[in-house]
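Student: Given chain G, work out where chains X and U should sit, using these hints.
Chains as they are written, first to last, in this note's numbering: chain G, 1 to 121; chain X, 1 to 171; chain U, 1 to 676.
Hints were generated in silico from the structure; no laboratory data involved. Computed from a predicted model, the values in this text were never measured in an experiment. Please note: incorrect hints may appear among the correct ones.
Stated by the list, open to error - Here are the simulated lysine-lysine pairs, PhoX-like style, with alpha carbons at most 20 Å apart:
id: 1; chain 1: G; residue 1: K75; chain 2: U; residue 2: K170
id: 2; chain 1: U; residue 1: K409; chain 2: G; residue 2: K118
id: 3; chain 1: X; residue 1: K97; chain 2: U; residue 2: K629
id: 4; chain 1: G; residue 1: K43; chain 2: G; residue 2: K75
id: 5; chain 1: G; residue 1: K46; chain 2: G; residue 2: K23
id: 6; chain 1: G; residue 1: K43; chain 2: U; residue 2: K170
id: 7; chain 1: X; residue 1: K124; chain 2: X; residue 2: K139
id: 8; chain 1: U; residue 1: K170; chain 2: G; residue 2: K46
id: 9; chain 1: U; residue 1: K170; chain 2: G; residue 2: K66
id: 10; chain 1: U; residue 1: K453; chain 2: U; residue 2: K441
id: 11; chain 1: U; residue 1: K376; chain 2: U; residue 2: K280
id: 12; chain 1: X; residue 1: K147; chain 2: X; residue 2: K78
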Amino acid sequence: MATRILAVDDSTSMRQMVTFTLKGAGYEVEEAADGQQALDIAKGGKFDLVLSDVNMPVMDGITLVKELRSLSNYKFTPILMLTTESTGDKKTEGKSAGATGWIVKPFNPEQLLTTIKKVLG
Amino acid sequence: MTDAEMQIDELKREDAETREFLTFMLAGEEYGVDILRVQEIKGWDSVTNIPNTPDYIRGVINLRGTIVPIIDMRLRFKLEPLEYGPTTVVIVLKVEKNSEFVRTMGVVVDAVSDVHDVPANQVKASPDFGTTVDTDFVKGLATVGEKMVIVLDIDYMLNSQELASLDEVME
Amino acid sequence: MSIDISQFLQTFFEESFEGLDIMESELLNLNVGSADKETINTIFRAAHSIKGGSGTFGLSSVADYTHVLETLLDEMRDGKRDVTQQSVDVMLQSVDVLREMLNALQDNLDLDHDRIASSHKQLTDLLSSDTSLPAASSTDSNAPKDSDTQEENSSGGWIINFSPYPDMMKTGNDPVRIIRELEELGNLTIELNDEKVPSLDELEPESCYLSWKLTLHADVPIDAVQDVFSWVDDECELQINEIIISDGYSGPDRRAPESTGKARKAASKEQTSIRVGIDKVDDLINMVGELVITQSMLHQLHDVEEFNQNTLERLQDGLAQLEQHTRELQENVMRIRMMPISFAFQRFPRLVRDLSNQFGKNIELKLTGEQTELDKTVMEKIGDPLVHLVRNSLDHGIEMPEIRAEAGKPETGTIELNAFHRGGNIIIEIKDDGAGLNTQKILQKAKENGLVKEGDTITTEQVNDLIFQPGFSTADVVSDVSGRGVGMDVVRRNIRALNGSVEVVSTPGVGSVFTIRLPITLAILDGQLVRVGKETYVIPLISIIESLQVKNEFVNAVTGSAEVYKLRDEYIPILRLYEIFDVEPDTKNLSAGMLVIVESEGQKLAIFVDELLSQQQVVIKSLETNFRKIDGLSGATILGDGTVALIADIVGVYELYQKKIVPSELKVIHDGGVAA
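In isolation and in its complexed conformation, chain G is listed as follows (with noise of 0.2 Å):
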């Protein structure tokens, strides 16, 4: 079965290019405009990994790992946050509230892939 990943952002060109690269390296990917949507798709359902921005209205990135981590079939999947360098005290905030990394933007595909891969081994 294939991988899947839940990727959550505001942004439609960030979902996108995070989307199209990741199904070009084989992934399955689900997307989500804010942490209430995400929430609610992954309680449908079963993702390997999820990915997620951290400012996003209606429900942020913190919030929406506090949420997942609570769920127990989110325990211990792979939580990335996709964060920038002038919001690093939201890295560990984000850590706090259980999320396993976080990839810094601006990122270019390759380097997601790369960060992807590893978390998945």
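Tutor: Coordinates of chains X and U only, in the frame set by chain G:
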């Protein structure tokens, strides 16, 4: 021609910089247009007249959902009009401006004649000798065997310069 | 693997423009002093997305510029900085600068570096000023990543003591992944320490009790090793010690400069896309489903050898369903292009705010009906005319506060923008409670211009309508739009180009209402098909009042060729379509044909045609795609038999009529008064 042959042909063309021209007849003279610009050739069918336009604009047709204007070449070149007959055809051309496709237009000609390969260096600038056609429309003259073909500058001829100035014509 | 990220640029530009619009309107919503946290957050998010995207898509100039703005907003969001009027102004300006930058980048134009630099400086000045907190908040607590400043040691490798805390796996981090990653750096010796693993009955399966001593034999900088642990450095005990090799050579190890080459290739023609709500797409899919069912129902009749009463009924039912579904599908497809007019309205709070300040007027802007939907193309094209009208109301309509006070009006004037649907149209009203149009001045000006003759009887509406005449703009008469050198005639022309109309109703001292009427979509038109000789024309149903057979006694010929038709109490000019379009009619005898009474912009016309055909919805095709604009026509359509029919543009037809038919002395205004 098979695909392979076509590819070879393509290569040859690039090598020797030859151009393929579709030629057509108009009042006894043979004219050529770059074949890459020819979208299709269709028989004459009725058109819808466009009011208050010069007579050489015969009207518009429905070409698979888009509205395409039809220009009568004889009238455009101020030649004697000729009753449309069985050989009369409409050549649908892709018109470019600054190397970008801008519009599709159809031209009515007496008959389609031939397709010729012409080396680029054989298209000569038209000397100012008395062609029946306004030399502005002529890109050059090409010699094909014994014949002489007048190569038309369709972009110049069919672009807004020519067709948008109609407002003044109308006054 | 290489991925061309430029393919996402167009989406990035579009969402960034949307983001900028949001920033602008939210900045205008900000209450200086007591700013709403959620509003700041929204603005921050928009800036943040633009910065993130621009960095990712290689637009470093935008990313650099936005970074300062983002930092500023971040501080405001965290309550570390007050929201001042000055900062709002600077940020509003930076929204403009960003918009210009993105526009330039999108069109491959040069950036205005001076403007960007000066705006950037304003932002940085603001950032380093009056904050209660020292400088920027980007205090990255993690180990410095700045490799340029760090001495790069050659080393024999590293000894790493790695003891995860029991809960490390609960963040999805797997020690095995980390060890595997270290192996990629070089030769790794692994020593496992399982002392801490408790007895089975005490063991928590979700906890990690293991620790490792890892020896990495590789000449890699400590950064590389730290990087591997960067996600878990607060979830484990970590010691990294260098294996020193005595004769280690420590040479310059300059890293290749990061490639900053432009990843962007010249984008060719601008491609626009549209964002569609998922509900609209779902509706469409449902419709298509219905259509497929109908199709299969009809298909069952395919093999019927002979029709009987039963099969015939099924066929009729099927066809009726097909018709309904096709129409619904068409309507739903049209809905895809529909967007709420708020997209066009949202620039006005800013505009009104800026201009009010500029003119020293107090003006309140009210927006209603912002959710009214209209076609995206119409929306894009109505923006400029709307701006002109609002500026006009602001400039010439609303009086200065002291004058208003004298007139017993509230000092704050009001401009209302209202949109709603009526029939197949969208109506946009621009209403002000200003001074109203000065009819005396207009009339005087019109007489100077020869638009109106002494002794002509014209109504107030007609006088007011004169402001839309070409060449009718002077600063002291209402129609000049604030030094832009653009008159109301351009506004009307642009609106007409959309098959719309604009009218004004004004009461001196009370105010003016400009009413714009536009088709909701440019794609479909309800039309009356008429025949003149061999030609079929389409007359927009919206402009038709009635159609009638001519009674000769009601026809009056006025001074030679101009004829009028007496309909009830009005005299309406008769316009013979065959004369206008220069075609051969069946008949030139008025009583043998039909008159179609139309009205456009207050002008009634009786259009003479040979015959009325059916009324139907037609799909509008542009003549300009392959040809050009033709006077008197707004486009063409393809009829059921595949032939092309031309769509008459009533205003244009009337202009042709004035040019071609009417003797010059009668050119002015057709009115009951003139004919009598």
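Student: Hint by hint, note whether the structure agrees.
Tutor: Okay, the hints, checked on the actual structure:
1. G/K75 / U/K170: Distance ~6 Å between G/K75 and U/K170 Cα, so the pair holds.
2. U/K409 / G/K118: Given pair U/K409, G/K118 is violated - Cα atoms ~71 Å apart, limit 20 Å.
3. X/K97 / U/K629: holds, 18 Å
4. G/K43 / G/K75: holds, 13 Å
5. G/K46 / G/K23: holds, 17 Å
6. G/K43 / U/K170: holds, 18 Å
7. X/K124 / X/K139: holds, 8 Å
8. U/K170 / G/K46: holds, 17 Å
9. U/K170 / G/K66: holds, 11 Å
10. U/K453 / U/K441: Roughly 15 Å between the alpha carbons, so the hint for U/K453 and U/K441 holds.
11. U/K376 / U/K280: Holds - the C-alpha atoms of U/K280 and U/K376 are around 15 Å apart, at most 20 Å.
12. X/K147 / X/K78: violated, 23 Å
Hint compliance for this structure: hints 2, 12 are not met, and every other hint is.
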